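Protein chains: 2
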Amino acid sequence: MCELLGMSANVPTDIRFSFAALARRGGETGPHADGWGIAFYEGRGARAFHEPEPSAQSELARLLRRMPIKSRIVIAHVRKANRGRVNLENTHPFSRELWGRRWTFAHNGQLKGVKKWPLAWFKPVGSTDSEHAFCWMLDQLQERWRDLPSPTRLDRAVADLCAELNTLGVFNMLLSDSRTLYAHCGKRLCYLTRRAPFGTATLVDEDWRVDFAQETGADDVVTVIATKALTRDECWTDVERGHVLVLRDGAVHVLTPTGRKVAPPCEG
Amino acid sequence: MCELLGMSANVPTDIRFSFAALARRGGETGPHADGWGIAFYEGRGARAFHEPEPSAQSELARLLRRMPIKSRIVIAHVRKANRGRVNLENTHPFSRELWGRRWTFAHNGQLKGVKKWPLAWFKPVGSTDSEHAFCWMLDQLQERWRDLPSPTRLDRAVADLCAELNTLGVFNMLLSDSRTLYAHCGKRLCYLTRRAPFGTATLVDEDWRVDFAQETGADDVVTVIATKALTRDECWTDVERGHVLVLRDGAVHVLTPTGRKVAPPCEG
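Protein chains in written order, with our numbering: chain R, 1 to 268; chain A, 1 to 268.
Hints listed in this document are in silico derivations from the structure and should not be mistaken for laboratory results.
Keep in mind it's a predicted model, so treat the numbers as computed, not measured.
The beta carbon of each residue, even a glycine, is placed where N, CA and C say it ideally should be.
Hints may contain errors.
What the hints assert, rightly or not - Each pair of labels, with its calculated beta carbon distance range: (1) R/Lys112 <-> A/Gln142: 40 to 46 Å; (2) R/Lys112 <-> A/Trp145: 28 to 34 Å; (3) R/Gly199 <-> A/Arg144: 55 to 61 Å; (4) A/Arg85 <-> R/Asp249: 34 to 40 Å; (5) A/Ser127 <-> R/Pro151: 21 to 27 Å.
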């Protein structure tokens with residue numbers, strides 16, 4: 001298995017606090033030592049970093065802990081390989097262009113038989129079931145629309161594709177087209193939204209404490225989503241299995257498998 | 001204008017010596033301060049780094065000068081913007097997947113009217129004429145073959161597409177599919193091949209001197225290609241305008257616009 005980390009915010013936001021916890025789980029406080037990657041969207045582009053080595057010992061990951069890269073959408077992953085060799089082309093997050101948008105995808109779980117699902121245009125570079133699933137999703141979207149559809153239509157289509165993939169096994173995933181962050185919970189995923197009044201938080205795995213009131217503006221809305229809670233003194237909400245979170249500008253919308261929208265617990 | 005740097009080698013090779021010279025031209029010894037990027041192939045994957053800021057002052061570029069990333073194919077670029085804003089999505093090298101291969105592209109020059117050339121599948125994420133040209137090339141290749149063709153067929157097709165683009169202005173470019181490095185000279189490009197017996201070399205812009213006999217194995221073949229000579233005590237060969245260099249495992253083949261293969265000067 002692997003671990004996922006995602007962020008959606010309404011202002012460019014520094015993710016170093018959360019990334020520090022994830023990076024240590026890559027071979028130090030967790031067994032995910034088979035590679036790591038992170039993509040920071042900036043406009044329609046993304047700064048992406050990948051290494052097929054443990055993040056806990058990585059000089060590049062240490063540099064990222066020092067560099068204040070601010071982003072409104074982030075997807076990160078630490079890998080414990082189960083399908084596909086440990087190498088660069090099998091290191092998440094994966095990326096492709098569709099409709100002039102840069103798409104980024106990371107997955108945790110296993111999808112039995114997905115490699116038999118035919119692909120027309122998008123082909124895997126590596127050998128993971130995850131990348132095959134990503135290519136299949138983009139193929140399906142491209143077949144349906146020649147240009148970027150409205151957000152609502154795209155949300156529904158992504159949720160339907162997630163539901164199909166989820167029938168093959170465990171499909172925890174993060175996906176973005178540079179506008180929206182999608183998260184599907186196959187088995188385990190949780191999130192929290194930070195907004196005013198901001199409090200303090202302490203990482204689960206180390207004694208790093210942040211006072212968000214000092215770090216953020218009054219109107220900031222930041223949602224963080226992760227496989228396991230990253231802080232020990234905040235209230236994380238478990239995503240229900242089969243639900244898709246649709247995150248834009250930090251705001252959370254929940255889509256159920258049948259397409260009904262439900263209010264997220266923190267606002268309901 | 002911008003500057004290009006490419007490398008093809010028969011063994012994973014450290015490019016830091018050459019990259020140091022290029023990085024300083026990004027805002028220090030040269031005016032190319034509008035961003036920089038580098039892609040290091042490793043198998044079918046690539047480690048890629050991009051910043052829309054000057055490389056000469058970049059902490060990330062400094063880290064890369066310390067990290068011994070070894071690669072058999074490298075493409076790097078420092079940007080002086082003429083078309084397209086200074087931002088991440090306009091920062092070379094650009095990357096796409098075609099036929100399950102990761103393609104990387106960097107360009108120096110201007111292509112007047114290329115944005116009017118229609119695109120079917122590959123669409124630019126940013127607004128440069130360069131990325132449009134890259135998308136057009138991949139569109140043309142995808143239209144011709146559904147799967148990766150033989151190297152010889154692909155070489156000829158790439159050279160023909162370069163010749164078409166070159167009619168629009170200046171098309172100095174580097175392109176790779178993870179197997180071959182292609183270089184087209186529209187106006188200015190030079191290269192050299194290092195092989196036994198190895199000598200020493202000193203960078204043009206600073207007093208960094210390397211003794212390649214200490215750094216390389218007896219069978220290593222390394223070809224470096226750049227906009228301008230990077231060392232002051234080696235013999236760089238200018239590529240003729242309209243010629244395409246096809247580089248595999250460090251070996252150089254020259255394709256002329258009419259398709260005739262010519263022996264490179266160093267071996268002729």
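Hint check results:
no. : hint                              : verdict
1   : R/Lys112 <-> A/Gln142: 40 to 46 Å : 31 Å, violated
2   : R/Lys112 <-> A/Trp145: 28 to 34 Å : 32 Å, holds
3   : R/Gly199 <-> A/Arg144: 55 to 61 Å : 59 Å, holds
4   : A/Arg85 <-> R/Asp249: 34 to 40 Å  : 23 Å, violated
5   : A/Ser127 <-> R/Pro151: 21 to 27 Å : 23 Å, holds
Of the numbered hints given earlier, the model fails hints 1, 4; all others are met.
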